[in-house]
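*Asks:* Protein chains in written order, with the working numbering: chain A, 1 to 409; chain B, 1 to 409.
Some clues are possibly wrong.
No copy labels: a pair is met if it fits in one copy or bridges any two.
[Unchecked claim] Pairs of lysine-lysine residues, derived as PhoX-like cross-links and limited to a Cα-Cα distance of at most 25 Å, are as follows:
no.	residue 1	residue 2
1	Lys369	Lys287
2	Lys339	Lys59
3	Lys383	Lys59
4	Lys159	Lys27
5	Lys339	Lys27
6	Lys350	Lys287
7	Lys294	Lys352
It is worth saying that the hints were derived from the structure and are not from the lab.
Each chain is listed here by its residues.
2 protein chains.
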Amino acid sequence: MSYKIIDGGVTSPKGFSAASTAAGIKKEGRTDMALVYSEVPCVAAGTFTTNVVKAAPVKWDQDIVYNKLTAQAVVCNSGIANACTGTEGYGYCAETAKVTAKALNISEESVLVASTGVIGQQLPMERLAAGVEAMAPLLKDTTEAGTEAAKAIMTTDTKKKEVAVEVEIGQKTVTIGGMCKGSGMIHPNMCTMLGFVMTDAAISRKLLQKALSASIEDTFNMVSIDGDTSTNDTVLLLANGMAGNPEITEENEDYQAFYEALNYINTCLARKIAGDGEGCTALFEVKVIGAESKEQAVILSKSIVTSSLTKAAIYGHDANWGRILCAMGYSGAQFDPDKVDLYFESAAGKLKIIENGVSTGYSEEVATKILSEPEVTAIADVKMGDAQATAWGCDLTHEYVSINADYRS
Amino acid sequence: MSYKIIDGGVTSPKGFSAASTAAGIKKEGRTDMALVYSEVPCVAAGTFTTNVVKAAPVKWDQDIVYNKLTAQAVVCNSGIANACTGTEGYGYCAETAKVTAKALNISEESVLVASTGVIGQQLPMERLAAGVEAMAPLLKDTTEAGTEAAKAIMTTDTKKKEVAVEVEIGQKTVTIGGMCKGSGMIHPNMCTMLGFVMTDAAISRKLLQKALSASIEDTFNMVSIDGDTSTNDTVLLLANGMAGNPEITEENEDYQAFYEALNYINTCLARKIAGDGEGCTALFEVKVIGAESKEQAVILSKSIVTSSLTKAAIYGHDANWGRILCAMGYSGAQFDPDKVDLYFESAAGKLKIIENGVSTGYSEEVATKILSEPEVTAIADVKMGDAQATAWGCDLTHEYVSINADYRS
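For reference, chain A alone in the conformation it holds in the complex:
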């Protein structure tokens, strides 16, 4: 491990500041807008939802990340997702960027926009504009300002999610800090994952995107709360170069150090999302080892972590290994069920549940004890090779149903 975990978030890297406000989009005076600003332009990378139905800010940001290549600010509102809002909604997104650009005296094409909340409602543009104008003079580079921004993007998240690390690159200290929000809702119409990662590393745009795209596959893309891929999912990574390291322009040692640190940030944020899934009582981690290929391990681990029956069993602290084998079987990946070993592991211990496809005659009592921890891991060994993958999810609870069935108030 070449990086060092520090206290902080999006404001930890040099040159980044943040602000937040209660613009009146959410009810009850909760903060619902966040602004992150870099004092110099950043190279920008992004990954976006694969949903055919894309929210307006996703389209806006894709244009900036793919075509404009640099950015200097991210403005985010919670409460309304600005998805399924047609040309009117896209207009409000552009207007938000325009207002933000004016308040910060930068180009509107360097303002990234994100929204999370109810699908299908139009944004209250006047409140949003007033929110931006209120935030601009409040921008601060303190850890607290970053933390408040992380809180402002929450919907039914129960915990703010942020993390920061330092890593030595070219004898300079490079800092990476990120925040995100998970699957939660104030209104039962939405499920959005948003991640914002800032760094003061000097790195080419091409390698920044490459690092993000590669890391996403092993981190955010391995999370499933309920199998529903949102219309708004966005992860943005901005690098402003203020750490003063020699610019990373090839996949050398510096790139590796940066990648490892970034991957830690993303893994940490991904686990925080899984562990705070709607209504959940436990983080459920699934490792598939001994796979023939990475792809096979990914398919198998995601199938297990997405299975409603398995998730309900985890909630019940029940070592329902049949459901796990079943979920592997319908995943689409080929393997020999008669060779599979399965373990459950947590802070309370590790137990072999099945060996070569049949029960080991394990103690149900011990298994239940292991599964009663707030973080539990299932490890499936398919004994076909050396590839592996880890997926994160959570249990399926009564509270999940309550959150998502309650009539919109």
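Given chain A's structure and the hints, the job is docking chain B onto it.
*Replies:* Positioned in the frame of chain A, the structure of chain B alone reads:
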């Protein structure tokens, strides 16, 4: 409609009889074995789970249906699924067929076997054998005997599921009767769909399998309770020719009449499974119309009916159209979200919710009224062509979580 719905089930076609018993596999003296017998050999067709993990009886039946081609009896137990039981479990399956063959004085290669219940436990072979011997002398061709068999294969199903129709073919009355069980469990380790359809039609084995395979695609395969494909799913179709119609050997009018009647049986059974899904309070039907291809309509409708967020909204009687559009968007099918119209329909009326991708400004009150019925339909028009598909599922409820989280007792 060329067929007539009659009161009955598997014993309705000529020559079929049934029996059931409490063999002591389930607790509390509930019936847990069923036997269906044809007095003459039948051509047999079958469709089976696509899960890589296949229960022993699935392997046994596949061999008979694919290689032996005829069958004369089906023996089914509930309580234990005989899945993930290795060579020992396959031996018990073969032993069950052997005991049944002896009791009925037929070849063991003409006995189809099915199991449903807990995964990973071995069958109590002595009780099973005693059950078979008890049932053989009790075989009766009465409607009641068929109904009792339909009850004996239930696990946590709350309703027995059977249906029968008559159809005129070649101036003879052909009868088709079926029973099935849905997703339910006495032990939270299993989810199995079993369907048994009997007919006295004279029809070639090739066309019988063709009719079943085609009909399955539009009926049983369009049901999703929780997205978990079982290790035991099996639908068997036996035809004994006793109706005396000219044997159907080509895809003529007679085949069409038979197919329509069979398809009604399968549709009816599939809807019964969906409407009795674990913990459910409503049957949720999803029609995708105006699709470019049947395949596209199938992908879209199944994605909607499988979405946890949508299912929870149906439970809450909430017209959460954003979730439906979201589920269509991540389905993998291409379409233009800005052209979609969406309706909700039930016995309480029909309401257009979105037009060209945006809200119609519908009345939430009226929508909630429509969604409060025990059978609700969502209709999505993607306006790309003439193809359509219908999928069936149910709402996601607190009771579903309870059933599947409760520690195995």
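*Asks:* Look at each hint and say if it fits the structure.
*Replies:* Hint check results:
1. In this assembly of identical chains, Lys369 and Lys287 lie within 25 Å of each other by CA distance solely inside one copy; the values are 20 Å within and 45 Å between copies.
2. For the homomeric pair Lys339 and Lys59, the shortest alpha-carbon distance between copies (18 Å) is at most 25 Å, but the shortest distance inside one copy (46 Å) is not.
3. When the C-alpha separation of Lys383 and Lys59 is checked against a cutoff of 25 Å, the pair qualifies only between copies, where the shortest distance is 23 Å, while the shortest distance within a copy is 43 Å.
4. When the C-alpha separation of Lys159 and Lys27 is checked against a cutoff of 25 Å, the pair qualifies only within one copy, where the shortest distance is 18 Å, while the shortest distance between copies is 45 Å.
5. In this assembly of identical chains, the alpha carbons of Lys339 and Lys27 never lie at most 25 Å apart, being 54 Å within a copy and 32 Å across copies at closest.
6. Taking identical chains as interchangeable, the C-alpha atoms of Lys350 and Lys287 lie at most 25 Å apart only when both belong to the same chain, with a minimum of 13 Å there against 47 Å between chains.
7. Taking the closest pair of Cα atoms, Lys294 and Lys352 come within 25 Å of each other only inside a single copy of the chain (23 Å); across copies the shortest separation is 45 Å, beyond that limit.
Of the numbered hints listed earlier, the single one contradicted by the structure is hint 5.
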